[in-house]
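J.: Next come the chains, spelled out residue by residue.
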Amino acid sequence: MSEVSTGTGLHTEDMTLNVGPQHPSTHGVLRFVVKTDGEVINEAIPDVGYLHRSIEKIGEKCTWHGYVPYTDRADYLAAMFANQGFCMAAERLGNVEVPPRGEYCRVIACELNRVASHLIAVGTFGQDIGAITPFLHALRERESINDLMEEICGARLTYNYLRIGGVGYDIKPETCGRIAAFLDHFEPIVDEYNRLLSNNKIFIERLANVAVISKEDALQYNLVGPNLRASGVQWDIRRDIPYSVYPELDFEVPVGQGERGTQGDSYDRYYVRIRELLESCRILRQCLDKMPDGPALAKVARKFKPPAGETYVRIEAPRGDMGYYVVSDGSEYPYRVRIRTGSFTAMSIIDKISPGIMVADLIALIASLDVDAPEIDR
Amino acid sequence: MESTIQDLIQALIQALLPGAIPVSVGYALAAILVAFAVLSAFVAPLAGVTSWLERRVWARMQSRVGPNRVGPQGILQWLADGVKNIQKEDIIPASADRKLFLLAPYIVFAGFIGAFVVIPFGSWLIPADLNIGILYLLAITSLAVVGILMAGWSSNNKWSLLGGMRSAAQIVSYEIPAGLSVLTVIFLSGTLSMQGIIQAQGWAPQDWFIFYNPFTLVAFFMFFTSALAEGNRTPFDIPEAESELVAGYVTEYSGMRFLFFFFAEWGNLYVIGAITTTLFLGGWQIPATIFGVTMAEHPVAKGVLEFTVFFAKSYLWVLVAMWIRGTLPRVRVDQLMAMCWKYMVPIAFVCLFGTIVLLVIWPDGNPALSLATLGFTVLVIVYFMWRVAYQIMHSRPELYLKPYV
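In order, the protein sequences belong to chains A and B.
With the working numbering, the residue at position 157 of the first sequence is 157, and numbering never jumps.
With the working numbering, the residue at position 276 of the second sequence is 276, and numbering never jumps.
None of these hints come from the bench; they were simulated from the model.
No experiment lies behind these values; they were computed from the predicted model shown.
All C-beta atoms in this analysis are idealised placements derived from N, C-alpha and C, irrespective of residue type, glycine included.
It cannot be assumed that every hint is accurate.
Stated by the list, open to error - With a Cα cut of at most 27 Å, we get these calculated DSSO-like pairs of lysine-lysine:
1) B:Lys99 / B:Lys158
2) A:Lys61 / A:Lys305
3) B:Lys99 / B:Lys88
4) A:Lys61 / A:Lys303
5) A:Lys61 / A:Lys299
6) A:Lys35 / B:Lys158
7) A:Lys352 / B:Lys158
8) A:Lys201 / B:Lys342
Unchecked claim - Taking CB as the label site, the calculated pair distances span:
9) B:Asn156 / A:Asp37: 17 to 27 Å
10) B:Ala139 / A:His11: 29 to 39 Å
11) A:Arg239 / B:Val70: 52 to 62 Å
12) B:Val172 / A:Asp351: 55 to 65 Å
13) A:Asn199 / B:Thr289: 41 to 51 Å
14) B:Ala128 / A:Asp351: 51 to 61 Å
15) A:His11 / B:Ile132: 56 to 66 Å
16) A:Tyr50 / B:Leu29: 57 to 67 Å
17) A:Asp351 / B:Ile92: 47 to 57 Å
18) A:Pro295 / B:Phe384: 51 to 61 Å
19) B:Ile132 / A:Asp351: 48 to 58 Å
Generate the whole structure from the sequences, applying the supplied hints.
T.: Below you can see the structure in the form of structure tokens.
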């Protein structure tokens, strides 16, 4: 494949293009070795590992409580979920009951975080396709969420809000009012994104029927979260393996329907996220209504020592199924922590989908999978 | 007025160089001096202020503030940027083709500066009214592609090469619909001279070539779109698509050389507007009498007014280009080519032949048809304004002006 004869005596060769590790659209430190014939890609091999920070190994050296801030860094765009996964695993091992108010606080914080994360996904998607305005509009709204998060827990990016047994700080009633005000403000703005980006002819032309991932491929390559749902698979951990207070809430799982082209194309992966934004708003409103009174944090020993055993916890993070496999040997420190993230498996399908698409489509594919470099490597 | 300038130059030459050099060389020197003065006093600020304005306009569309620190409202930002870039180290990659690498920015720059030779800012305010003006313009603006290709090739960087190749394919392709649209105008005016084209139109909108008949209206859009593509503007900015090609053909450039490329790009934006105005929008034409004042009796006022009219019309298109850039994503390279060859070239041909047929039927034009075209355009604009007004009335400004906290 590397040497192609054109039949006219001219001799051409594939060009090896090194995309990254520093490239505007890899969203972090991520590298692709791309072999192209002109603009058409013959092969694209993702090269991960540039952002490995040994978060799993650090887990073995920290106390159970002390590890929670580290999990923030597993996925800085959705730190709440990384917190939640580990806290749930620890609670399950130590048989800790989270008070209902604590669960609601968690879900509120997580869903706000999901909105923020999807806003980044949708915004950078636009930016990668060449429209910079939607990106800044998305960041404007995310800024409001950051303000809310600051009010809830004092941090704007790596929250460290959840504790084993609940949440660090109760959400105050006035903060609840502000969240409701934000939702009133935000829901009409999703419409604006649709006008500016989703219904834009050029945007649709760039994404519809591009980098189609079939249902079978999506399942075989273990795609999770919105990427899987865009291919038409009805799978959401919140609904199918319920945890926290999600069974009490009423929400829908958006699935890609081939809105503007084929089911599972880049446009579907984009549009599923837009619809999830609204679903998250719906969940948030229900949580704000149903929020019970009571403590937000259970009494947990300072020196938390869960009995020996192992557990695997799955939660639905913005980038899909996030799994924590945690082993305890009964000591103050976890024996082993393993984190399974959605971005890592999403990277593997790039190799399969990319032959035959163009360089610009590869950028669209990476953007549509919403990979997040720190989450790939941990 | 021309003779006054010539007298002035002659007096200047005789005073400064008494008999030492031939007068023809003196003329050449004077021409270079004047060109330098015009370049630094008009073209450079024009490109600079355009860059500032683009950043401000763009920032407003994106609910940002934009540069507002240097000078009132940040209007001197371009000067600060220029000074900063001149001070920067001039880096030439070790593996680059040094001569071509050094030369490329100047070629792009020359292509853009050369366009100003035939831009008619007023009935006498034109550096040189060449009788092949528009042909010269098409030729000289194409020089940019040579520079871009040189930059892409000589940088010895794959991203630069891809950007240069894309640019070459794009600019060469879009020359064709642009040329066909220009040809439509040339058929109407019967001359290639820029002043001649403007004089063939009138000051009133129905006398402009854009509203001459429905075909010229379409030709106008064909021309503006291809001009945007030739100027590497969004949605056709694929040669420097930053999310795909890092920075395209300018990837390896830094400091002043980088600035030259962007200087040319922003200046080019105005050139696009100026050509559009000349060809389709009646250029500097103003009524012969305004409020009972015969303009011919007041040459200075006439000149100022003509310049203002021309500048306003051409700058309108600069603003439109900024608006488009703030709104649209970028097309893919194959879509770009398909759009050119499958749609724009045939449409431009139809416009050309349609205009020819109408010219055969009505050799002097048909005022009713012009008025109808104008009326249609006005209706479209009014409908658009109505839509905008509807959106503004139904928008909730409190969402933006008063955030929830």
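J.: Now, for every hint given, state plainly whether the structure supports it.
T.: Structure-based check of all given hints:
1. B:Lys99 / B:Lys158: holds, 19 Å
2. A:Lys61 / A:Lys305: holds, 14 Å
3. B:Lys99 / B:Lys88: Distance ~20 Å between Lys99 (chain B) and Lys88 (chain B) Cα, so the pair holds.
4. A:Lys61 / A:Lys303: holds, 15 Å
5. A:Lys61 / A:Lys299: Measuring from Cα to Cα gives roughly 24 Å; hence the hint holds.
6. A:Lys35 / B:Lys158: holds, 12 Å
7. A:Lys352 / B:Lys158: The hint holds at about 24 Å.
8. A:Lys201 / B:Lys342: holds, 17 Å
9. B:Asn156 / A:Asp37: 17 to 27 Å: Holds: the Cβ-Cβ distance is about 20 Å, inside 17 to 27 Å.
10. B:Ala139 / A:His11: 29 to 39 Å: holds, 35 Å
11. A:Arg239 / B:Val70: 52 to 62 Å: holds, 55 Å
12. B:Val172 / A:Asp351: 55 to 65 Å: This hint is violated: roughly 35 Å between Cβ atoms.
13. A:Asn199 / B:Thr289: 41 to 51 Å: Given range 41 to 51 Å: holds, Cβ gap about 49 Å.
14. B:Ala128 / A:Asp351: 51 to 61 Å: At roughly 59 Å between Cβ atoms, Asp351 (chain A) and Ala128 (chain B) fall inside 51 to 61 Å, so the hint holds.
15. A:His11 / B:Ile132: 56 to 66 Å: The hint (56 to 66 Å, Cβ to Cβ) is violated, given that His11 (chain A) and Ile132 (chain B) are roughly 43 Å apart.
16. A:Tyr50 / B:Leu29: 57 to 67 Å: holds, 59 Å
17. A:Asp351 / B:Ile92: 47 to 57 Å: Violated, at about 37 Å.
18. A:Pro295 / B:Phe384: 51 to 61 Å: For Pro295 (chain A) and Phe384 (chain B) the Cβ distance comes to about 58 Å; the hint holds.
19. B:Ile132 / A:Asp351: 48 to 58 Å: This hint holds: roughly 56 Å between Cβ atoms.
In this structure, the hints that do not hold are numbers 12, 15 and 17, in rising order.
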